[in-house]
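These protein sequences, in sequence, are chains L and X. Under this note's numbering, think of the first position of the first sequence as 1, with each following residue one higher. Under this note's numbering, think of the first position of the second sequence as 277, with each following residue one higher.
A hint or two may mislead.
[Claimed, not checked] Among the chain L residues that face chain X by a calculated CB cut under 10 Å, a handful are:
| id | residue |
| --- | --- |
| 1 | Gly139 |
| 2 | Ser154 |
| 3 | Val174 |
| 4 | Asp178 |
[To be verified] Taking lysine to aspartate or glutamate pairs in the EDC-like style, the calculated list, with each CA pair at most 20 Å apart, reads:
| id | chain 1 | residue 1 | chain 2 | residue 2 |
| --- | --- | --- | --- | --- |
| 5 | L | Lys124 | L | Glu136 |
| 6 | L | Lys166 | X | Asp327 |
| 7 | L | Lys124 | L | Asp169 |
| 8 | L | Lys166 | X | Asp282 |
| 9 | L | Lys166 | X | Glu310 |
| 10 | L | Lys228 | L | Glu244 |
| 11 | L | Lys166 | L | Asp120 |
| 12 | L | Lys228 | L | Asp169 |
| 13 | L | Lys166 | X | Asp526 |
| 14 | L | Lys250 | L | Asp61 |
If you're looking for bench data, these hints aren't it; they were derived computationally from the structure. What you are looking at is a predicted structure, and each value in this text was computed from that prediction instead of being measured. C-beta: ideal position from N, C-alpha, C; glycine also.
Residues per chain, in single letters:
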Amino acid sequence: MHNRINRRQLLFAALGTGASTLSSPAWSAERLTLTGSSTVAPLALEIAKRFERLHPGVRVDVQSGGSSRGIADARSGAAQIGMVSRALNPDERDLTASTIAMDGISLIVHRSNPITTLSDDQVKAIYTGQIKNWREVGGSDRTISVVNKAEGRSTLELFLAHYQLKNSDIRAQVVIGDNQQGIKTVAANPGGIGYVSIGTAEFEASHGAPIRLLDMAGVPAAVAEVRKGRFPLSRPLNLVVRGEPSPLAKGFVAFARSTAVHDLVEAQFFVTLAPN
Amino acid sequence: MRVASDLIASRLLGAFAGTAALLLALVLGFLMREAAPVLSAGHVWHFLTDDGWYPLEQRLGLLPMVWASLAVLLGALLLAVPLGLATAVYETFLAAPAVASVLRLGMGLLAGIPSVVYGLWGLTMLVPLIAGWQAPGTSLLAAVLVLALMIVPTVAITGAAALARVPLPWLQGASALGLSRRTLVMGVALPAARGGIVAGIVLAAARALGETMAVLMVAGNVVQTPGSVFDPVRVLTANIALEMAYATGDHRAALFASGLALALLVLALTAMAHLAQWGAGHAP
Numbered sequence: 001m002h003n004r005i006n007r008r009q010l011l012f013a014a015l016g017t018g019a020s021t022l023s024s025p026a027w028s029a030e031r032l033t034l035t036g037s038s039t040v041a042p043l044a045l046e047i048a049k050r051f052e053r054l055h056p057g058v059r060v061d062v063q064s065g066g067s068s069r070g071i072a073d074a075r076s077g078a079a080q081i082g083m084v085s086r087a088l089n090p091d092e093r094d095l096t097a098s099t100i101a102m103d104g105i106s107l108i109v110h111r112s113n114p115i116t117t118l119s120d121d122q123v124k125a126i127y128t129g130q131i132k133n134w135r136e137v138g139g140s141d142r143t144i145s146v147v148n149k150a151e152g153r154s155t156l157e158l159f160l161a162h163y164q165l166k167n168s169d170i171r172a173q174v175v176i177g178d179n180q181q182g183i184k185t186v187a188a189n190p191g192g193i194g195y196v197s198i199g200t201a202e203f204e205a206s207h208g209a210p211i212r213l214l215d216m217a218g219v220p221a222a223v224a225e226v227r228k229g230r231f232p233l234s235r236p237l238n239l240v241v242r243g244e245p246s247p248l249a250k251g252f253v254a255f256a257r258s259t260a261v262h263d264l265v266e267a268q269f270f271v272t273l274a275p276n
Numbered sequence: 277m278r279v280a281s282d283l284i285a286s287r288l289l290g291a292f293a294g295t296a297a298l299l300l301a302l303v304l305g306f307l308m309r310e311a312a313p314v315l316s317a318g319h320v321w322h323f324l325t326d327d328g329w330y331p332l333e334q335r336l337g338l339l340p341m342v343w344a345s346l347a348v349l350l351g352a353l354l355l356a357v358p359l360g361l362a363t364a365v366y367e368t369f370l371a372a373p374a375v376a377s378v379l380r381l382g383m384g385l386l387a388g389i390p391s392v393v394y395g396l397w398g399l400t401m402l403v404p405l406i407a408g409w410q411a412p413g414t415s416l417l418a419a420v421l422v423l424a425l426m427i428v429p430t431v432a433i434t435g436a437a438a439l440a441r442v443p444l445p446w447l448q449g450a451s452a453l454g455l456s457r458r459t460l461v462m463g464v465a466l467p468a469a470r471g472g473i474v475a476g477i478v479l480a481a482a483r484a485l486g487e488t489m490a491v492l493m494v495a496g497n498v499v500q501t502p503g504s505v506f507d508p509v510r511v512l513t514a515n516i517a518l519e520m521a522y523a524t525g526d527h528r529a530a531l532f533a534s535g536l537a538l539a540l541l542v543l544a545l546t547a548m549a550h551l552a553q554w555g556a557g558h559a560p
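Using the sequences and the hints, build the whole thing.
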């Protein structure tokens, strides 16, 4: 009995060393599980598909369930990698976070609107229906049309968390699904205000859409500022591991941070990290 | 020999018809299974009594969206049915052959335009127009107008087909009696074609209820019981399309429940149309 196990271990070891000398690494028949943030999950899924193609035999499982699940599963070992769409809290220092992208959103108004920035309190008052006219924040005499996102969207979650609002507090005139619809809605409405992923907004504004991105707390609304971590309405998208990760997990995290996946990050309207 | 082939054909066609019915049952069964987490445990009343739709806060009031769906449908039918029928009558009885064929072509084209194009037109042309009058523009009115435009061809095409099937001797007889053209159309042709016309209207109504993309783009999608035509509203289909991609757990189940509500609404509509047609004379 003992003997057989030893022999099998030997065999595996031999295979391992044999394989590592080839182009395919030792973990070629392994399985990797990621769980956590539903914001990160769609991106992780795309990265995983590409990773699987590059490493035949490797299976990567991605399950969403919220950042708290990502933390809990990475701690318990239920998943080798947790997905967390925020910076780690001080009591989560037992985990190691690697940022794979930044998520940033920008408030947008119609280009004919003279407003260039709003304070947090003004935004809150507008979104909760206490301010109904642009005149009250120094603009022209025009009714404000509040554009909100549909429930379940990560942009809504980030917006609500930043302004410490509940979705039921918001008094919206228009509820939209994706970023493009948000831009078209504000572009069609001179009194409109909305928020969309900053990458999309910047791209559309520079390609003729009649919208303006609002600066926040003196920081210009720009992808570059999100990348530097200076723009207030932004958050890091992290992969977290506990202790020393397996070579496979390490390989996946490195791949997710590499320039090889930048097109995937941009396709999901997230902001890529500055090349190191 | 002929009897045997008839038997085979009838069995085969019966099997196809049975499959279609089974598919409907499967879809309904699937909707119920997926909606089960929120349908069980006395949750059903939440759909009727909750004061808003905030699924992540466990508030699941569906009624405002049911009213919005019905209001949009009613408004679209009120505009599209007279317009569509007038087009059908004009094309069949009044227009010169060349004009009629151009009209037929135009209606066919209108029916073939993808709904998202109507939505885009509504969002970029209609909504700003309404916004200049009453902000925010995305509203019940915009949804009604876009939908009416989309279902006019359905009413017109099916109406014209039904009118064309009215037996020529009936029309010739009416002419021979010296009836005016108005009496001929209103008193003979339209009543004779009633069955086909009603079927066309039901088809148009079902399309209006099921339409998602165009309504999603112009209706504003705020969950509220419409108080005026300028209020933004969210219909049941838009609710599913807006939230499904990112919904998990009970939120997802609640969306399946709104799909179930929509299916029941369409079934009720079809049943009502059947009742309305009961005993109505069909053109032979």
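Verification of the supplied hints:
1. With a cut of 10 Å, the hint placing Gly139(L) at the interface with chain X is violated, because the nearest CB-to-CB distance is about 14 Å.
2. Interface hint at Ser154(L): satisfied, since its Cβ lies 7 Å from the closest Cβ of chain X, which is below the 10 Å cut-off.
3. Among the interface hints, the one on Val174(L) holds; its C-beta lies about 5 Å from the nearest C-beta in chain X, closer than the 10 Å criterion.
4. Using the Cβ-Cβ criterion of 10 Å, the hint placing Asp178(L) at the interface with chain X is satisfied: the shortest such distance is roughly 9 Å.
5. Only pairs whose Cα atoms come within 20 Å are accepted, and Lys124(L) paired with Glu136(L) is accepted, the gap being roughly 13 Å.
6. Of the pairs offered as hints, the one joining Lys166(L) and Asp327(X) holds, with about 15 Å between alpha carbons and a cut-off of 20 Å not exceeded.
7. Between Lys124(L) and Asp169(L) the alpha-carbon distance is near 10 Å, which keeps this suggested pair within the 20 Å criterion.
8. A hinted pair counts as satisfied when its Cα atoms are at most 20 Å apart, and Lys166(L) with Asp282(X) does not qualify at roughly 66 Å.
9. Straight-line distance between C-alpha atoms of Lys166(L) and Glu310(X) comes to about 27 Å, which puts the hinted pair past the 20 Å bound.
10. With a C-alpha separation of about 28 Å, the suggested pair Lys228(L) and Glu244(L) falls outside the 20 Å cut-off, and the hint is violated.
11. Note on Lys166(L) and Asp120(L): the hinted pairing holds, with a Cα-Cα distance of about 15 Å set against a maximum of 20 Å.
12. Proposed proximity of Lys228(L) and Asp169(L) is contradicted: the alpha carbons are some 32 Å apart, above 20 Å.
13. For the suggested pair Lys166(L) and Asp526(X), the alpha carbons sit about 18 Å apart, so the restraint of at most 20 Å is met.
14. Using a Cα cut-off of 20 Å, the hinted pair Lys250(L) and Asp61(L) holds, with the two alpha carbons roughly 15 Å apart.
In terms of the numbered hints stated before, the structure departs from hints 1, 8, 9, 10 and 12, listed from lowest to highest.
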